[in-house]
Amino acid sequence: MDHNLIVCRCEEVTLGEIIQAVEEGASTVSGVKKRTRACMGMCQGRVCQPLIKAVLAQKMESAGNENEIAPSTVRPPARSVLLGEIAGEN
Amino acid sequence: MLRIEGECGQEDSRCREEVEFVFDGRKFKGLAGEPIAAALLANGVRTLRRHEKSGRSRGIYCGIGHCYECRVTVDGVPGVRACITPLRKDMVISSGWERVAGIHEN
Amino acid sequence: MKTDVAIVGAGPAGLSAAVFLAQKGLGVTVLDEYFIPGGRLLGQLFENPQKPPGERLWIGRDIAGKLKEEACGSGVKILTGTSVWNIAPGRRLYLSGAVSGEMEAGALLLATGAAERAVPVPGWTLPGVMSVGAAQVFTNLHRVRPGKRVAVVGIDPLAISVAGELKKAGVEVVGIYLPPPGVLTGRLGMPPEVIGSLSRSADMSPGALLKAAAGIFGGRYRDLGARLCGLSTMKIWGIPLHLRRAVVRIEGEDSVERIVTAGVSHCGRQQEECSAIDVDAVCISGGLYPLAELASLAGCPLVDVPQLGGRVPLHGPAMETPRAGVFVAGNITGIEGAPVAMAQGTLAGAGIWSYLAKAGKAGEKELELAASRLERAREEAPIKFFQEAPEGRKKISLLWAGRKQNPEGGVPDGPQSYSVPL
Chain A
1 MDHNLIVCRC EEVTLGEIIQ AVEEGASTVS GVKKRTRACM GMCQGRVCQP LIKAVLAQKM
61 ESAGNENEIA PSTVRPPARS VLLGEIAGEN
Chain B
1 MLRIEGECGQ EDSRCREEVE FVFDGRKFKG LAGEPIAAAL LANGVRTLRR HEKSGRSRGI
61 YCGIGHCYEC RVTVDGVPGV RACITPLRKD MVISSGWERV AGIHEN
Chain C
1 MKTDVAIVGA GPAGLSAAVF LAQKGLGVTV LDEYFIPGGR LLGQLFENPQ KPPGERLWIG
61 RDIAGKLKEE ACGSGVKILT GTSVWNIAPG RRLYLSGAVS GEMEAGALLL ATGAAERAVP
121 VPGWTLPGVM SVGAAQVFTN LHRVRPGKRV AVVGIDPLAI SVAGELKKAG VEVVGIYLPP
181 PGVLTGRLGM PPEVIGSLSR SADMSPGALL KAAAGIFGGR YRDLGARLCG LSTMKIWGIP
241 LHLRRAVVRI EGEDSVERIV TAGVSHCGRQ QEECSAIDVD AVCISGGLYP LAELASLAGC
301 PLVDVPQLGG RVPLHGPAME TPRAGVFVAG NITGIEGAPV AMAQGTLAGA GIWSYLAKAG
361 KAGEKELELA ASRLERAREE APIKFFQEAP EGRKKISLLW AGRKQNPEGG VPDGPQSYSV
421 PL
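Protein chains in written order, with UniProt numbering: chain A, 1 to 90; chain B, 1 to 106; chain C, 1 to 422.
Please keep in mind that the hints were generated in silico from the structure rather than gathered at the bench. In this text, all values refer to a predicted model and were calculated from it rather than measured experimentally. Glycine included, C-beta positions come from ideal geometry on N, C-alpha and C.
Not everything, but these chain B residues come out facing chain A in the computed CB check (under 10 angstroms): (1) 51; (2) 53; (3) 54; (4) 58; (5) 62; (6) 67; (7) 68; (8) 71; (9) 77; (10) 78; (11) 79; (12) 81.
Here chain C is said to cover these stretches of chain A; the calculated rule only asks that three of the stretch's residues, wherever they fall, bring their Cβ under 8 angstroms from a Cβ of chain C: (13) 1 to 9; (14) 37 to 47; (15) 54 to 61; (16) 72 to 80.
Computed cross-link-like contacts, BS3-like style, restricted to lysine-lysine with a CA-CA straight-line distance of at most 27 angstroms: (17) B/29 x B/89; (18) B/27 x C/148; (19) C/77 x C/2; (20) C/395 x A/59; (21) C/66 x C/77; (22) B/29 x C/167; (23) C/395 x C/365; (24) B/29 x C/148; (25) C/167 x C/148; (26) A/34 x B/53; (27) C/51 x C/168; (28) C/358 x C/2; (29) C/51 x C/235; (30) B/89 x B/27; (31) C/77 x C/358; (32) B/29 x C/168; (33) C/148 x C/235; (34) C/168 x C/66.
Let the hints inform the model, and build the full structure from the sequences given.
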């Protein structure tokens, strides 16, 4: 598969960058996220997280490890919010 | 022409009222109450914004508010999802790219 | 703001629960970030040939409209255009959009549905490339075509159904193709796997596929899988369905202009490329997965159940989660069709009513009735998204039972964001 393929649309992180992060030792979605910024954009990983898991799963499988891949931690805000809304200005 | 004629999609009784709006300085016509993204698509406009870093064009992707790819600035409010925001008369919509480009120039 | 029951998601599950609860006299507020209630019902338009004539057409938009009317007529408050961006202990919801601020709820139902699984294809960020769900909503609900000449990527019942809907709407559909084979597409890019799952679901009938198969094979579609194996292309409503050809690239300057396809071997290896095909839009289908991020924020433990489509909140027989007063229903608990989601919504409604009103015996009766209706809805489901779903649900109920016997063990770790019990 093309390593220049964009996997995380928000942050334009490529498949090559994600594979590199995994080769450098990332074994969780959070690990990939912290190394590449994938999942850190406006969509919060709703689009690319399952794809990152697929890359991780392949590596785990070839290493004989079939444990569940830890997803990235969900943190608020789950949707974009204006600072004024947080401050209670309507 | 991408609009399917003859039948009103939504139940909303206002859905066939034609209104004017502005996108990136150009005047368009759309149907009040349809999503901004649908109004622009019906006008043949597919690029809704550009990626903040690469400048590559982006448009509708998920269509239901999950991906934020279609976000635009509406009447001065940034980050509005064009796919889930109904069109109103005289809305001033921009892709927000000029603003980002301006920052890059400075 | 305060409400007896807050329901996140105005889809089939959320609205059905709302109707039930309002009719029991509770104050119900439904929140949804879309501007029309109905959720995924809104784009649905298909035929179920197993039903008697006259009942075959499923027009999701009309069903959503009826549910909404029933809800509003029963006193339900529906806040559209309103997103929930956080949930804090004590069932405190943080809202933004048309209504912003905080909302405290006596009970909370998370009916946030599903998100589409992305299938990346080189060039997929170009405007004109959209998910098959987006194509469905724009075509069937808003009545704007995604393009004049469209390619569909991904071979599954939904993709085939949408291809047919596009054609009916006057779009020239150049073909339905496999996604490019590789680590990101996995099984979705392997011809034998795709053919296998297609023939299993054809047995249960997504109208289009069943009819097409019947047309081609003279009414015998039972051995569809075996028959498809020998084929590389078949036609459904005149649309070429390419079982051994993938879209490997989408090209264009500022938006979609053409696709490049390539042959795919039996074992999923990409073969020689073909000349480009001009299109102005591409619709990609990769299936759905439960969208459980708000459950995670609410402190509900999630369990990975591939048989249900992904990570789902652990829940009991009344759709309750281990968090007091937090319930779940619909596709957040696993990918199933709208009639099942509606039945789940009613069941969750019964659960919430029992919880809030301490309804005792009467509550148990309602729960029993709703559970049997849910079972029937599952039996009658025209499309089974995951064949092994019953196994997945069994896993959930075992984990739930284990949790009750041993509160310290047997439950997978919840999200770490909250350790404070509600």
